[in-house]
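Asks: The primary structure of each chain is shown beneath.
Number of protein chains: 4
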Amino acid sequence: MGMPLELNTMIVTKGRAERLEENLFRLKKDGYRLYPIDILVEVKKTIRGEISGTARIKKVEWTEGKTILTYQLLSLHTTN
Amino acid sequence: MGMPLELNTMIVTKGRAERLEENLFRLKKDGYRLYPIDILVEVKKTIRGEISGTARIKKVEWTEGKTILTYQLLSLHTTN
Amino acid sequence: MGMPLELNTMIVTKGRAERLEENLFRLKKDGYRLYPIDILVEVKKTIRGEISGTARIKKVEWTEGKTILTYQLLSLHTTN
Amino acid sequence: MGMPLELNTMIVTKGRAERLEENLFRLKKDGYRLYPIDILVEVKKTIRGEISGTARIKKVEWTEGKTILTYQLLSLHTTN
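Protein chains in written order, with numbering that gives the first Met the number 0: chain Y, 0 to 79; chain H, 0 to 79; chain P, 0 to 79; chain W, 0 to 79.
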């Protein structure tokens with residue numbers, strides 16, 4: 000039996016990101032997920048939604064069936 | 000949406016490995032699975048079974064929701 | 000000792016993609032690389048270059064220290 | 000540019016594991032490393048050494064170019 004994981008290429012917040020500091024956020028996701036760390040990734044609110052910003056993941060934690068991301072939001076694409 | 004994959008640390012044949020040549024075998028598994036290539040891995044018939052041999056994976060192919068392994072069986076643990 | 004691999008989130012061709020059929024291409028890269036398969040990825044000529052298209056990877060092969068991608072180019076962003 | 004990582008199938012302590020509690024240990028490794036979490040893995044002191052025990056990884060953290068494992072040592076193979 001192997002270990003299920005999911006390869007993710009962007010951050011999808013579903014509005015659940017928690018602000019830790021100025022531009023530092025934490026996001027908890029179900030399951031073990033592989034994210035690119037230290038490089039730029041796109042941030043979206045929903046999978047099919049528009050890109051809402053660019054971030055750099057600073058920390059990935061896997062424990063108890065969850066993935067906890069800590070990321071720095073570098074730019075925000077606001078659409079009015 | 001991410002891409003589901005499974006991290007595997009050994010080969011579990013379930014008796015479905017196909018011999019290609021002398022000690023070269025091919026095994027098709029469902030889903031996309033990550034296996035260590037070029038290094039020694041254990042081979043088992045069933046997940047909870049005993050180790051039946053040692054192999055070196057020479058090729059991993061991912062396509063159409065399947066993983067195809069080509070591996071060299073290096074030693075066989077026979078139990079009579 | 001582990002197995003080195005590289006997580007890639009987009010296809011960088013460096014002008015070395017080989018056309019197999021109409022919109023089907025093959026690209027050989029050094030090392031074992033993990034790419035998202037079956038989902039949309041961006042295609043670039045160079046790492047820091049502009050996005051030149053969108054593709055869907057149909058096959059990933061790992062063998063002899065190389066990664067061979069077969070991908071379908073879905074759209075091309077031409078800039079004149 | 001991708002993100003380098005290393006697929007590991009066992010824990011190699013090099014004598015640097017730190018005891019946190021009774022049978023709970025922490026180990027810091029260089030680089031980002033993929034380990035199977037929640038399933039049984041072998042523990043060794045050195046890559047080519049004998050198996051010194053069996054463990055279950057409870058937490059994997061990736062940050063600042065390091066991987067920090069928290070694991071439960073389940074059995075110890077002592078050789079006198």
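Check each hint, because a few of them may be wrong.
Identical copies carry no separate label here, and so any pair may be met within one copy or between two of them.
To be verified - Capping the alpha-carbon separation at 20 Å, the derived lysine to any residue pairs in SDA-like fashion look like this:
id: 1; residue 1: K58; residue 2: T69
id: 2; residue 1: K57; residue 2: P3
id: 3; residue 1: K13; residue 2: M2
id: 4; residue 1: K27; residue 2: K44
Read the hints as simulated data drawn from the structure, not as lab findings.
Asks: Look at each hint and say if it fits the structure.
Replies: Evaluation of the provided hints:
1. Taking the shortest Cα distances, K58 and T69 sit within 20 Å of each other both inside one copy (5 Å) and across copies (16 Å).
2. In this assembly of identical chains, the alpha carbons of K57 and P3 lie at most 20 Å apart only when taken from different copies (15 Å versus 23 Å within one copy).
3. Proximity of K13 and M2 under a CA criterion of 20 Å is satisfied inter-copy only: 18 Å between copies versus 25 Å inside one chain copy.
4. With identical chains, the CA atoms of K27 and K44 are at most 20 Å apart within one copy only, with a shortest distance of 14 Å there and 34 Å across copies.
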